[in-house]
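Asker: Spelled out, the chains give:
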Amino acid sequence: MRDPSRDLPSLAADVLARVRARAPRVHCITNAVAQNFTANMLLALGAIPSMTIAPEEVAEFAGRADALLINLGTLDAERRAAAEIASAVMGEAARPWVLDPVFVERSAPRTAFARALLAKRPHIVRLNRAEFEALSGAPLNDEALADFARRTGAAVGLTGEADHVTDGARRARIDNGSPLMAKVTAMGCAGTAVIAACHAVESDRWQATVAGLIVLGVAGELAGATAAGPGSFAVGILDAIHALDRDTLIAKARVAR
Amino acid sequence: MRDPSRDLPSLAADVLARVRARAPRVHCITNAVAQNFTANMLLALGAIPSMTIAPEEVAEFAGRADALLINLGTLDAERRAAAEIASAVMGEAARPWVLDPVFVERSAPRTAFARALLAKRPHIVRLNRAEFEALSGAPLNDEALADFARRTGAAVGLTGEADHVTDGARRARIDNGSPLMAKVTAMGCAGTAVIAACHAVESDRWQATVAGLIVLGVAGELAGATAAGPGSFAVGILDAIHALDRDTLIAKARVAR
Amino acid sequence: MRDPSRDLPSLAADVLARVRARAPRVHCITNAVAQNFTANMLLALGAIPSMTIAPEEVAEFAGRADALLINLGTLDAERRAAAEIASAVMGEAARPWVLDPVFVERSAPRTAFARALLAKRPHIVRLNRAEFEALSGAPLNDEALADFARRTGAAVGLTGEADHVTDGARRARIDNGSPLMAKVTAMGCAGTAVIAACHAVESDRWQATVAGLIVLGVAGELAGATAAGPGSFAVGILDAIHALDRDTLIAKARVAR
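Residue numbers (the working numbering), protein chains in the order written: chain A, 847 to 1103; chain B, 847 to 1103; chain C, 847 to 1103.
Everything labelled a hint here was simulated from the structure, so no lab data went into it.
Careful: at least some of the hints might be erroneous.
From the derived model, a few chain B residues whose C-beta atoms are all more than 12 Å from chain C [as the list claims (entries may be wrong)]: (1) D853; (2) R975; (3) R1019; (4) D1050; (5) G1075; (6) A1080; (7) D1093.
Output of the computed footprint for chain B on chain C, the stretches with three or more beta carbons under 8 Å from beta carbons of chain B [claimed, not checked]: (8) 874-887; (9) 918-926.
A quick note: this is a predicted structure, and the numbers were derived from the prediction, not measured.
Every residue gets a Cβ at the ideal spot worked out from N, C-alpha and C, and that includes glycine.
Generate coordinates for the entire structure from the input sequences, incorporating the hints supplied.
Answerer: Structure representation (structure tokens):
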């Protein structure tokens, strides 16, 4: 008998099937650069995106969403207000929300705002090495990552050449993907939206993060195999995520604990 | 002799030819998710888009535009102000403007704002079933749609698996399109921009709406025939609308009264 | 021995190689329509984009950037504030910044704001004929262009069917490109970002502008040769700029003094 908590490729396939069957609503407070690609990634996956940031209505959108994504990519006053309102809505309802602290290392107001959001206990944080080091104040290593997860209560998805996921107790390493992923803007942002959609249908934070990163990485690998460059890669990963079937996902997933 | 008021595929081909010949300016107050795709759709069609929402200058842009699109997709304070200014400019000049009340069913401020805009008498309203029911307060059926058109004075384009267009007196049903249209964000928004461009060159509101939805639906069908998924479909529909010729449009149009 | 100040195709190839080797940071204050495509163009070229416009943090982003792009495409209050802060940062540090006065002919506040920015002495201005005439107040001809360059201290890149570059003393004319470039929104904006990235690695303003426009024009020509329309062209130019090699660039460049 398969135990999905141990067979991670099957887990990813199960979570993907659930996203497609349930079509969860994912509300995204994300930067202007990423909005279109993120919405298209969620649609290709089988989820239903909404993107409004107007403070007057973000509470109603978040209130009807199955998961929330907060991304700091372009941090203006209206988005900051929206992020505070929406994270409070999800916190009160104990519903999933995911933080993507983009460029948190680049400016002091951004670091301060990301830390304030972190104190509101997002379920999952997705970031890269530079962002992790700025946010945690520690150099990246396995122990620092696990400690950060325990301290914040979040599952942490650290993406880079390989992806690392931990909740402080469990660890996974995912080796899928394509070098072209770093050549398309908002790829990380859209990947965090995939994780949010997975968390809408999988309450285990660590499993949701692992599943989302496997799905994204395998789709990226398939797209990378035929792309002529970053333009056709950005198109191809949407086609690949939309067409991804269970057998291909399981056959291609390269994940270790 | 052909009567374009009855031969709707020919009407659509005539309107498309006029858009290409006259290159009308279409000013769009639209959501951040849709801006890029909408501008590209208008360019592919042969129109000239502008997208500014700054309240200080939107009156000048609207004043020089041949048609105006107002879309509520991401409703922030600046866009609300811009929508009020620009719709007033078009109203005073008796020039065409089209309303797309995106997600009007999702929040109370959005419903209220859409109703206030509706009272300013847009020439055309393009919406889906959920948006229609929220805005009109009535369940969707042919009579409710015709009544809404008569009450608002607008031609109404109701899009979905089939598209229905009425001005309260005339009706048309269009059966073109592709299931992939629902998998690309801002496809409806861009479609409303196509209708606005058609209304810039065809003063009959109902004919302009029918023509726009035929053009979009046929282009979608052509793109859907070769797309590998939603990514390549979004690219392909721009190519298809740019390349669409009269004979193909007339041959592929599936429209009934 | 080759003199790169005279052999302009080789100069363009040298500058492109430097961009790829150094991966300069280019901060972009640009319109919402152009942000995603501009970021993808910079990534495809080998540069590193950032796009925040929040007044609280734009000084820190500009302070760490190797070049700055200011584009007026959608001119809202926040972008105006960001443009003033960031241009001051670059001015004090004597670092490169490039102005793209999009649609400056369309509204009075836009003309006034563009002139105020021009007084802060951008290194390079990229514009089309209508924008030049509105900004300079003179009909376009070679002398007016050279005079504008001398008066503002900027290298001027005037784009259209052919591109003209002058710093008041030197002139170049570039005949690369594709008619489809006018059918993709934000192509000019993204082209100005390419020039900014070139200026980050080439301090001569005129040479940087010439190099950027050759790279963009050749990539456009390559993409245009296989595109099925404006949708696939927008994808193809990103692939082409990413794949562009020295020999192809030099063989295809059509540039004269």
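Asker: Each hint should be assessed against the structure and marked as holding or not.
Answerer: Okay, the hints, checked on the actual structure:
Non-interface status of D853 (chain B) relative to chain C is upheld: no Cβ of that chain comes within 12 Å, the nearest being about 27 Å off. Against the 12 Å criterion, R975 (chain B) stays outside the reach of chain C, whose nearest CB is about 29 Å from its own CB. Remark: the non-interface label on R1019 (chain B) is consistent with the geometry, its nearest Cβ contact in chain C lying 28 Å away (cut-off 12 Å). The claim that D1050 (chain B) lies off the interface holds: its Cβ sits roughly 28 Å from the closest Cβ of chain C, which is beyond the 12 Å cut-off.
Distance check on G1075 (chain B): its Cβ is at least 14 Å (rounded) from any Cβ of chain C, clearing the 12 Å threshold; non-interface status holds. At the 12 Å boundary, the C-beta of A1080 (chain B) falls inside the reach of chain C, the nearest C-beta of that chain being 7 Å off. Every CB of chain C lies more than 12 Å from the CB of D1093 (chain B), the least distance being 18 Å, so the non-interface label holds. Coverage of the stretch 874-887 of chain C by chain B holds. Counting CB-CB distances below 8 Å, 6 residues qualify, and the rule asks for three or more.
Note: the stretch 918-926 of chain C has 5 residues with beta-carbon separation from chain B under 8 Å; the three-residue rule is met and the coverage holds.
Hint 6 from the list above is the single one not met by this structure.
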